[in-house]
Amino acid sequence: MNDAFGMPQTAVVLGGTSEIARSVMRKLAGRYLRHVVLAGRDKAGLDDAARELRALGVATVETVAWDATDVDLEQLLARDVAGRMGRIDLVLMACGVLGDQAACESDPAAAAAVFNANFSGPAAAMVAFAEVLRSQGHGRLLVLSSVAGVRVRRSNFVYGASKAGLDSFAQGLAEALRLSGAGVTIVRPGWVATRMTAGRPAAPMATTPEAVAADIVRGLERSVDVVWSPASLRLLFAVFSLLPKSAWRRLSG
Amino acid sequence: MTAEEAPSRCPPNAMSEIPTTRQILSGWGRTAPSSADITRPCGPQEVTLVLEGAARTGRAVVARGLGRSYGDAAQSAGGVVVDTSALTAVLDADLDAGWVRVGAGVSLDYLMRLLVPQGWFLPVTPGTRQVTVGGAIAADIHGKNHHRDGSFCGHVKSFTLATPTGTWEVSPDTNAELFWATAGGMGLTGVILDATIQLLRIETAYMLVDTEKASDLEDCLVRMAERDDDYRYSVAWIDCLARGRRLGRAVLTRAEHAGLEDVPDLTAVEACTFDPRAPLEVPVLGPRGLLNPLTVAAFNELWYRRAPRMRLREPTRIGTYFHPLDALGAWNRLYGRRGLVQYQFVVPFGAEDVLRGVLERLSTTRAPSFLGVLKRFGEADPGPLSFPGPGWTLALDMSAASTTLATLLDELDGKVAAAGGRIYLAKDSRLRPELTGAMYPRLGEWQEVRDRVDPERLLVSDLARRLGLVERGGLRPPIRGHRLSGALG
Chain H
0 MNDAFGMPQT AVVLGGTSEI ARSVMRKLAG RYLRHVVLAG RDKAGLDDAA
50 RELRALGVAT VETVAWDATD VDLEQLLARD VAGRMGRIDL VLMACGVLGD
100 QAACESDPAA AAAVFNANFS GPAAAMVAFA EVLRSQGHGR LLVLSSVAGV
150 RVRRSNFVYG ASKAGLDSFA QGLAEALRLS GAGVTIVRPG WVATRMTAGR
200 PAAPMATTPE AVAADIVRGL ERSVDVVWSP ASLRLLFAVF SLLPKSAWRR
250 LSG
Chain R
0 MTAEEAPSRC PPNAMSEIPT TRQILSGWGR TAPSSADITR PCGPQEVTLV
50 LEGAARTGRA VVARGLGRSY GDAAQSAGGV VVDTSALTAV LDADLDAGWV
100 RVGAGVSLDY LMRLLVPQGW FLPVTPGTRQ VTVGGAIAAD IHGKNHHRDG
150 SFCGHVKSFT LATPTGTWEV SPDTNAELFW ATAGGMGLTG VILDATIQLL
200 RIETAYMLVD TEKASDLEDC LVRMAERDDD YRYSVAWIDC LARGRRLGRA
250 VLTRAEHAGL EDVPDLTAVE ACTFDPRAPL EVPVLGPRGL LNPLTVAAFN
300 ELWYRRAPRM RLREPTRIGT YFHPLDALGA WNRLYGRRGL VQYQFVVPFG
350 AEDVLRGVLE RLSTTRAPSF LGVLKRFGEA DPGPLSFPGP GWTLALDMSA
400 ASTTLATLLD ELDGKVAAAG GRIYLAKDSR LRPELTGAMY PRLGEWQEVR
450 DRVDPERLLV SDLARRLGLV ERGGLRPPIR GHRLSGALG
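So the protein lines, in turn, are chains H and R. Sequential numbering of the first sequence, starting at 0, is according to numbering that gives the first Met the number 0. Sequential numbering of the second sequence, starting at 0, is according to numbering that gives the first Met the number 0.
If we strip away everything but chain H, and leave its shape as in the complex, we get (with noise of 0.2 angstroms):
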């Protein structure tokens, strides 16, 4: 259950590899979880995050072998964990691919790849997830979106159309679950300095792991619906959705 500060005693990370996600975790060790299980395609790299977390005093870190596009999993998996925690406090949707644009934009698999890793199956996910919150009549659904979708770029549309799905879909989610005592909140970050984003131009307002997670673990305090990482990126993209097609290609070409 989670405490008078917002802080779960239990999770569960979807993309369990995901730095913005271990650093999550990583805070949240210091406050009061206790028991996670930690799901994604990379076994090693879940080994490690698991091995770190029992480091820092979780009680008991599981890894389990998942992968975003397996719809008809879904389901099994979060009725396995929610049978297992007994409660899910926490689900944190950190799972996600950049995608390589200039594929996408010739391959119509390479983009149908894109919108699965990162809309089609975590919704599929968090359709599953919710089902078992509302159940509980508690519980949270973080999702990992991104700046990228709330004004698409000519340069990265296909990802950034990918999460504007998804945040789209955790909005009317949010919807659906009011009053169920379950909650969503969406994680809109800006450019992140993490593997995703390895060996690319940095963006203004570049951001880190950690700097997002405090302000995810922040947000959980507040049990807000919308976290800005940074904050001002939510001022700056409400100017941004404003402006005309051609200063938007301008500013962001």
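Keep in mind the hints are simulated off the structure, nothing from the lab. Yeah, the Cβ is synthetic: ideal placement off N, Cα and C, and Gly gets one too. Hints are not guaranteed to be accurate.
[Said to hold, decoys possible] The calculated label-pair distances, taken between Cβ atoms and stated as ranges, are:
#1 R/ALA88 with H/SER167: 48 to 56 angstroms
#2 R/ARG336 with H/ALA109: 40 to 48 angstroms
#3 H/VAL126 with R/GLU470: 25 to 33 angstroms
#4 R/GLU300 with H/LYS244: 53 to 61 angstroms
#5 H/ALA175 with R/GLU280: 27 to 35 angstroms
#6 H/VAL126 with R/PRO389: 50 to 58 angstroms
#7 R/ARG336 with H/SER167: 52 to 60 angstroms
#8 R/LEU327 with H/ARG40: 35 to 43 angstroms
#9 R/ARG441 with H/SER167: 36 to 44 angstroms
#10 R/ARG245 with H/SER240: 28 to 36 angstroms
#11 H/LYS244 with R/GLY285: 41 to 49 angstroms
#12 R/GLU280 with H/PRO229: 34 to 42 angstroms
#13 R/ARG336 with H/VAL126: 53 to 61 angstroms
Starting from the structure of chain H, add chain R where the hints point.
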């Protein structure tokens, strides 16, 4: 609940289907909400039906009275919450011998309005009258007379307890183990249906209050240790923000019930009139930052200056002395959207340095706390989870929005546990579960008794889940025989 609404108005034949509504619940601190199906049974048979239904479906169930527990004791996420507000019948009374048998949902407010004019008082009253008899037993509440009269359950002659394995008549003589497991058992041994309470004879609805100021903690502790036993009621209000030489400065108020001769201006009827007006309610949530170190320190300063250095035998109404919290309705809204945390602990006599250490940490970190309440506890009763025990208890309210509060309180917990002290489960919303056993060493004994009446472990609250009271936490083994299990672990 007001006195007028108290009697239950149940349709005569409401037995077949018990309606529930899905509702989000939280404690008085307004933190960690969760949703449950809430049902309002009209009588004992309906409570039994609810428990049977829970057993059939395997759903968690817990009782809820007026929701004055600060944390998550009276809620159960995804489960069934039994609202006892219709169990308000006065079943029996003997006003010569001085006892009443009432439904568990009767509030202390209702009882006092009923009994004080008859010359009877409740044996123990907390800082608010807005708690139910059932809640008073489940938390084994204490009052300003604990050093002399012990806690609430010491004055309960018997009660009826509905459990998943049947309904029991319980008293300290019959089913003593179950009686004391329920005293302070936070509702986890069953749903209390009714209780018989021994009352205290009084002559008037007035108290004779002695007020004195203590310039610092040392002064306060000495005054209390030396003269508390001369009074039935004693409490010190401590300024937790005062620093340095003023650390722990306090106003002591100690009192006795006033006799008729102490209020010579009043007739016998006037002297026994007890009809506190319904309080003004805080209408909306307070804005963020309303209660900050500056505003709270200013309030505390004003309050300390206003108090007389020494005033003796001042006739004061019962409500004014005992229930200052009831003067403002829904005052928890002042703490805004994030709510509040109340921290109450007890440390044994001899651990005064821990008490001082806690006050020092509170004042140096400027955790904005309104007046803390300091009390000397007397002997413990036999309840394994009952909170009071010989020593000093301090209670303080703090905003849950404070960024440093979580770690500060964790640190204080460590000191309290190391000194052989504990925190009060009825107030808790954030204790680390690892410390539960250290603070309540008889937890195992309590669990054994509990499991006997509820072997399926259906009686579960969010508090129980969070602290592992009913079931130890941890991951269960993988479910065998389905696709995912192979991948787990």
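Evaluated hints:
At about 54 angstroms, the beta-carbon gap between R/ALA88 and H/SER167 stays in the expected band of 48 to 56 angstroms. Distance hint for R/ARG336 and H/ALA109: a CB-CB separation of about 45 angstroms, consistent with the stated range 40 to 48 angstroms. Between H/VAL126 and R/GLU470 the beta carbon distance is about 29 angstroms. The supplied range of 25 to 33 angstroms therefore holds. Range check, R/GLU300 to H/LYS244: Cβ separation about 60 angstroms, and the 53 to 61 angstroms hint holds.
Look at H/ALA175 against R/GLU280: about 33 angstroms separates their beta carbons, and that is inside 27 to 35 angstroms. The given range of 50 to 58 angstroms is respected by H/VAL126 and R/PRO389, whose C-beta atoms sit roughly 55 angstroms from each other. Here the CB-CB span from R/ARG336 to H/SER167 is close to 26 angstroms, at odds with the stated 52 to 60 angstroms. A hinted range of 35 to 43 angstroms for the beta carbons of R/LEU327 and H/ARG40 is inconsistent with their spacing of about 56 angstroms.
For the pair R/ARG441 and H/SER167, the supplied restraint of 36 to 44 angstroms is violated, since their beta-carbon distance comes to about 53 angstroms. Range check, R/ARG245 to H/SER240: Cβ separation about 55 angstroms, and the 28 to 36 angstroms hint is violated. Distance hint for H/LYS244 and R/GLY285: a CB-CB separation of about 45 angstroms, consistent with the stated range 41 to 49 angstroms. Evaluation of the 34 to 42 angstroms hint for R/GLU280 and H/PRO229 yields a pass: the beta carbon distance comes to about 40 angstroms.
Checked against the given bound of 53 to 61 angstroms, the beta carbons of R/ARG336 and H/VAL126, roughly 29 angstroms apart, lie outside it.
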